[in-house]
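From just these sequences and the hints, can you work out the full model?
Chains as they are written, first to last, in this note's numbering: chain A, 1 to 244; chain B, 1 to 494.
Please keep in mind that the hints were generated in silico from the structure rather than gathered at the bench. Hints may contain errors.
Said to hold, decoys possible - DEER-style ranges, computed between Cβ atoms: (1) A:A21 x B:A181: 53 to 61 Å; (2) B:K448 x A:D16: 50 to 58 Å; (3) A:E61 x B:D165: 39 to 47 Å.
C-beta atoms are modelled at their ideal positions from N, C-alpha and C, and glycine is treated no differently.
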Amino acid sequence: MTDRGAFLRAVRVVLDRRDEAPSVAPETGLSVGRDELLAEAERVRAEAARRAGPLLDALAESAAKNAWKVVRARTNEDAAEAVAAACRSAGAKSVVRSDHNVFTRSPVDRALAATGVQVTVLGRGGTASDAGRGRLKAEAFAVDAGITGADYAIAETGTIALHPRAGLSRLVSLAPPVHIAVVERGSVLPSLDELFVLERESLLRGELPSYMNLISGPSRTGDIEATIVQGIHGPLETHLVLVG
Amino acid sequence: MEVKSGEFRKVAAATMTDPRLQEALDGVYTGFYKGRIVQALTTDRWEEQREQGRAIKAHVIENLDYYLGMFTENVEKNGGHVYFAANAAEAARYVVDLAKSRGVKTVIKSKSMVSEEMGLNNVLEAAGVEPVETDLGEYIIQLAREAPYHIIAPAIHKSKEQVADLLAPQSGGQKVEEIAALTRQAREQLRPVFQRADMGVTGVNFAVAESGSVVIVTNEGNGRMATSAPRIHMACMGMEKVIPSVRDLALFLRILIRSATGQRISNYVSMINGPRRPDEHDGPDEFHLVIVDNGRLRLLADPALREALYCIRCGACMNACPVYRKVGGHSYGWVYPGPIGAVVTPAMTGLKQAKDLPFASSLCGACREACPVKIDLPRMLLELRSQAVEGTAGNIKHQPEARNPEGPAERLVWRAWRFGMGGRMRFDLGARLARVALLPVARRGWLKKAPGPASGWTTSRDFPLPAARSFRSRFKRVKRAAARERTMGGGHGA
Chain A
1 MTDRGAFLRA VRVVLDRRDE APSVAPETGL SVGRDELLAE AERVRAEAAR
51 RAGPLLDALA ESAAKNAWKV VRARTNEDAA EAVAAACRSA GAKSVVRSDH
101 NVFTRSPVDR ALAATGVQVT VLGRGGTASD AGRGRLKAEA FAVDAGITGA
151 DYAIAETGTI ALHPRAGLSR LVSLAPPVHI AVVERGSVLP SLDELFVLER
201 ESLLRGELPS YMNLISGPSR TGDIEATIVQ GIHGPLETHL VLVG
Chain B
1 MEVKSGEFRK VAAATMTDPR LQEALDGVYT GFYKGRIVQA LTTDRWEEQR
51 EQGRAIKAHV IENLDYYLGM FTENVEKNGG HVYFAANAAE AARYVVDLAK
101 SRGVKTVIKS KSMVSEEMGL NNVLEAAGVE PVETDLGEYI IQLAREAPYH
151 IIAPAIHKSK EQVADLLAPQ SGGQKVEEIA ALTRQAREQL RPVFQRADMG
201 VTGVNFAVAE SGSVVIVTNE GNGRMATSAP RIHMACMGME KVIPSVRDLA
251 LFLRILIRSA TGQRISNYVS MINGPRRPDE HDGPDEFHLV IVDNGRLRLL
301 ADPALREALY CIRCGACMNA CPVYRKVGGH SYGWVYPGPI GAVVTPAMTG
351 LKQAKDLPFA SSLCGACREA CPVKIDLPRM LLELRSQAVE GTAGNIKHQP
401 EARNPEGPAE RLVWRAWRFG MGGRMRFDLG ARLARVALLP VARRGWLKKA
451 PGPASGWTTS RDFPLPAARS FRSRFKRVKR AAARERTMGG GHGA
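Put into structure tokens, the structure is as follows:
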């Protein structure tokens, strides 16, 4: 065991540095103060709302390039139908759905039931017991599809961002062979820059969740003879339903 | 991992005469290399972002103790456990001890180069714990019991036929042929392992000081599996991986991914801020982080080599390197191949057994051009060459065993060279003498076969005889003639 103090002291000695905070380099985001950052986060949100239409269009394009199967839905009802249609096209008979605000607006469960798909819905409170989590894991690996909302999407890269705070399971978007995500108008950000402004805002407000997952289409690999294959450990097929 | 860089010449020679390996190495060039160039040309403010990334890394490395301190405090605040390891053995022991104390039977591994430094798979096996690599490339080379050939594409040297032979026994001898089918077969083999594993071991692409986050980038989803399914997450990182702010992630993800695979983004980026919280459905109960030195302090101690710690492990330098693309990944003999490997292997593990590596470069500068944080690799390779010959190693104490590898003959040649280059007259005289000396053996102005130790030069190309008149004397004559023409009033059309 190497003691932390000793480890850091050795680094400091080698760098010939005094034990004090350096003046932060202007290039890093750390040089942006709290008030300035919070104001910037407000601007990011306002801009995402103001440009909601063009950003959703840009996302549709970049997501398609990443092999998402993109569906545009005008209304929440259309979106629910699109989710059911995606399940039908993928041959999915059983799904697990994470909780998210979008599903209070879009009647996805009703549309799925009408299609004859069996739905397990995860609640907001999490799964407390080891046994419960074991069952959820087994189910996530067994079902045909996982359905989630998206906290943000990124137009630059064709990406969705998922936070656990909306009652989300990590495995629902990962273990089933098909993942269907619903993105609402207004939640699309231009680039990773804006996303990490908002993440830093969460941090400074003491609200940073335990993780964030960025997902950009079906899993893929190029590890055999540098040939790209879609579908390895994560989902083989991913659908993105854009509402609005 | 054992350092086998002493066998550089042998392995490199074997690789260069193996047509199949040469074909596989072409894949690196056409795939990753071109992809990076397309991204560099189509990303806004690409050069500016490289500069910014470099400035941030320079700032962190110059104040590394401060940022490491901030980072580890925040990891603990988030509920994680931090362990500092001076060397690879210490780090491996921590992982194994924890696995044993928690009753872990199976460990799934997402790609981690630091765990390769630790030789973690062997250590776990010896302790009766089953380690399973889950990155497809790492899985293949684990089955082949080999070291990674490339840090991004570890099994780039294996043909699909070889992969088929390696995978078949894991599916009861059932053999498939096509690449897509092989990929699917590996998926089916690993899914039950993801479900039963008790511990996930991952690397760390970025460690964020202000939030205590570790960020993991994968395309396959295995990184997410390792941090979602098992009850313990163990992350391993070199001490140089820290960046200051959450906001800096946008820039670093952009330059890392675009330089590594030529994608705009990898399919999965996970930012982990500690273990599962009570209101969540899944995720690990425990989060452990091992931070290793393992020779990095030696890099830090040498101002001439410190820059190597800016590396974000994208692999762009090896894709760009004409030497890597011929000699392949195993020649370098340790964890990191290519130009960055040629710098960090001797610097971290000792120059003596890796003294050939700094010479395995044409100093063409393609690596520096490709590097997302503009690491001056050619300068450091020259520095290490000088250290190998002079036996000096910056702040590190002299390594006399590495002194003058080429012997007194080479020293004599260099002394003569220095004398010859020491003055105009000597240089001119030398050139003339060289012509006179070579004239009898040259044919039509070319030397087909140089004598003695210089014969290596002419095995694959001819050597031109020095010209009868030097460029300088011809230039003088031309200038005189031009001046004469001007004074004779040649200005027609005036």
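Enumerated hints in conflict with the structure, sorted upward: Of the numbered hints given earlier, the structure breaks none, since each of them holds.
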